[in-house]
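Since the structure of chain A is provided, determine the placement of chain B on it from the hints.
2 protein chains.
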Amino acid sequence: MKTITLKSPFDMHLHLRDNDMLKLVAPLTSDTFTGAIIMPNLVPPVDTKEAVTAYKNRIMDAVSDKTFNPMMTLFFKPYTKEFLEDVRDEITALKLYPAGITTNSEGGVESIDTIALAPTLNAMIDLDIPLCIHGETNGFVMDREAEFMSVYEELAIAFPKLKIIMEHITTKDAVEMVQKYDNLYATITLQHLLITLDDVAGGMLQPHLFCKPIAKRYEDRDALLNIALSGHPKIMFGSDSAPHPKHAKEACGCAAGVFTSPIALQVLVELFEKNNCLDNLQKFISDNACKIYNMKPSSKDVTLEKKDFIVPKAYEAYGETVVPMYAGETITWSIKS
Amino acid sequence: MKTITLKSPFDMHLHLRDNDMLKLVAPLTSDTFTGAIIMPNLVPPVDTKEAVTAYKNRIMDAVSDKTFNPMMTLFFKPYTKEFLEDVRDEITALKLYPAGITTNSEGGVESIDTIALAPTLNAMIDLDIPLCIHGETNGFVMDREAEFMSVYEELAIAFPKLKIIMEHITTKDAVEMVQKYDNLYATITLQHLLITLDDVAGGMLQPHLFCKPIAKRYEDRDALLNIALSGHPKIMFGSDSAPHPKHAKEACGCAAGVFTSPIALQVLVELFEKNNCLDNLQKFISDNACKIYNMKPSSKDVTLEKKDFIVPKAYEAYGETVVPMYAGETITWSIKS
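Top line first, the protein sequences correspond to chains A and B.
Here the first sequence is numbered in our numbering, starting from 1 and rising by one per residue.
Here the second sequence is numbered in our numbering, starting from 1 and rising by one per residue.
Source of the hints: derived by calculation from the structure; they are not laboratory data.
From the three backbone atoms N, C-alpha and C, an ideal C-beta is built for every residue, glycine too.
Careful: at least some of the hints might be erroneous.
Unchecked claim - Partial list, derived from the structure: chain A residues whose beta carbon lies under 8 Å from chain B:
#1 L197
#2 Q206
#3 C290
This is chain A alone, in the form it adopts within the complex:
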């Protein structure tokens, strides 16, 4: 049977939530990934050393593989250099949310003022802490990311030594921007390599494919797919896997987020194989991230085999139920047990 081994796969953008949902979803990442960048948008946000270490401990209690590396992030706000020095060893990055732009981002920054933010950003440069950004404005839903390009550009120019990660990019504009400045990098999710707004709202409305940033146009999807398939050194896989309880996703006013952790590697292999780019998947899933974040890969390898995997209709445990992307559908690759 055809197999492929991915060395030390990383998910460079992950939401693990907390409490029972954390207990349900953490193993679904740690089963296959060697580590992940853990997003800090809990309620309240993770913005103290104590919150970081306590959350990390809860994650380590929840994961199935105790070698799993949860790379913690702080919720971005103005911090002193002393604070960042003190917390440096506990974190991998800071994550900036414009206020109110996505789930639990109400405490985010109201405006991105390079002068006001300079003390924090300069301290981050001194301490070699990357800045991860949810790059959307409060504009029209289809334009929010494109409108944010000028902010990325301003930051990239004003802070050339700051490592800036454009998180979960969804547009052709972002694919162009990431290549324009040396200090810009990007993550791309699984779903944005696959779907457009047509999949979310072109036929029936599909809440399980609704996320922020929302899936865009075909030309955007194709630009994302092309740069990911190419193994471009600035592009990392970041699932943005964002579980919400089934009842909250399938209700009026459903929250944004697609849950992909347990299917991501299988679907990525299928997608890269279909496009004759399997050789580049190792870069997208691990090597590029190791270089960008100065990380060493672990010895954790994951082997997939070309064997049908029927995606469960839901994952349930601890009283929580979450529906994955492709629920009930068949993927042609499975994790080899």
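Showing chain B alone in chain A's frame:
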């Protein structure tokens, strides 16, 4: 108390469904409207004289006001002139759906071939039967209506004596097109005067605001609002009120349609008042339709008063439950009882 009286209000695009849903929703239109164009996309579609008369009878059984005028339509497909002559007195228009474009449109036309459709369209001209069109392609969801403009243009030029109604227009492009040819007219829904894609998917996902054509951009909404507020003689109110059972709207894979019948007049008065255009509402809600369709207004007047109306969270009867737009919210105008 401030009041306004609307003379003989018409809803020039309405879905009444069938069976229990018909019994629930028909009175919610006939309570306030003098008549409505009834869309034929039942399962199976209304495409015989017998189906038209039987459906009309079921509607008349269901309405609260027996003076209500259900203006019946046939589901467009190639018909002979003899057939159309025979059914002429029973119908007001034919409704063309491109195949698969919306609820129960699978039997619609596969392509709009002006040569193949000429016999039917010429017979319609001879018999003075207007053609109502759901004008969308199968393209990207945000482009479908704009892409259809060339079809409207081709039909308008090829059949200058055919009265063509561009149904539920949602774009600036359509607002421009309707003014370009003498034989083009349009309906506009309530929701497309009010919302954009941001309301559907810019915050949480809102299934009760999901419809086809999907709500577009701010500049589109503003163009629609401006032409409606102006009382432009080619523009008619057509609610496209499209009830689906609550459980089907609030589930994975929800169907397209916004239910507005019981709130439409109140919200329109509020909207036209807010924009200082109350004097033009009579044209939008009745006078233009009477001229375009050569109808006589009835003597049914509806008086609204400036008094808060709290929209019910749902309308329930006959085992059916349907959630209206603005459920639970307050509108500043009420129907005077």
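Hints versus structure:
Taking 8 Å as the C-beta cut-off, the interface hint given for L197 of chain A holds, the closest approach to chain B being about 6 Å. With its C-beta approaching chain B no nearer than about 6 Å, Q206 of chain A sits inside the 8 Å limit, and its interface hint holds. A cut of 8 Å between beta carbons decides the hint on C290 of chain A: the least distance to chain B is about 36 Å, and the hint is violated.
In this structure, only the earlier hint numbered 3 is contradicted, and the remaining ones agree with it.
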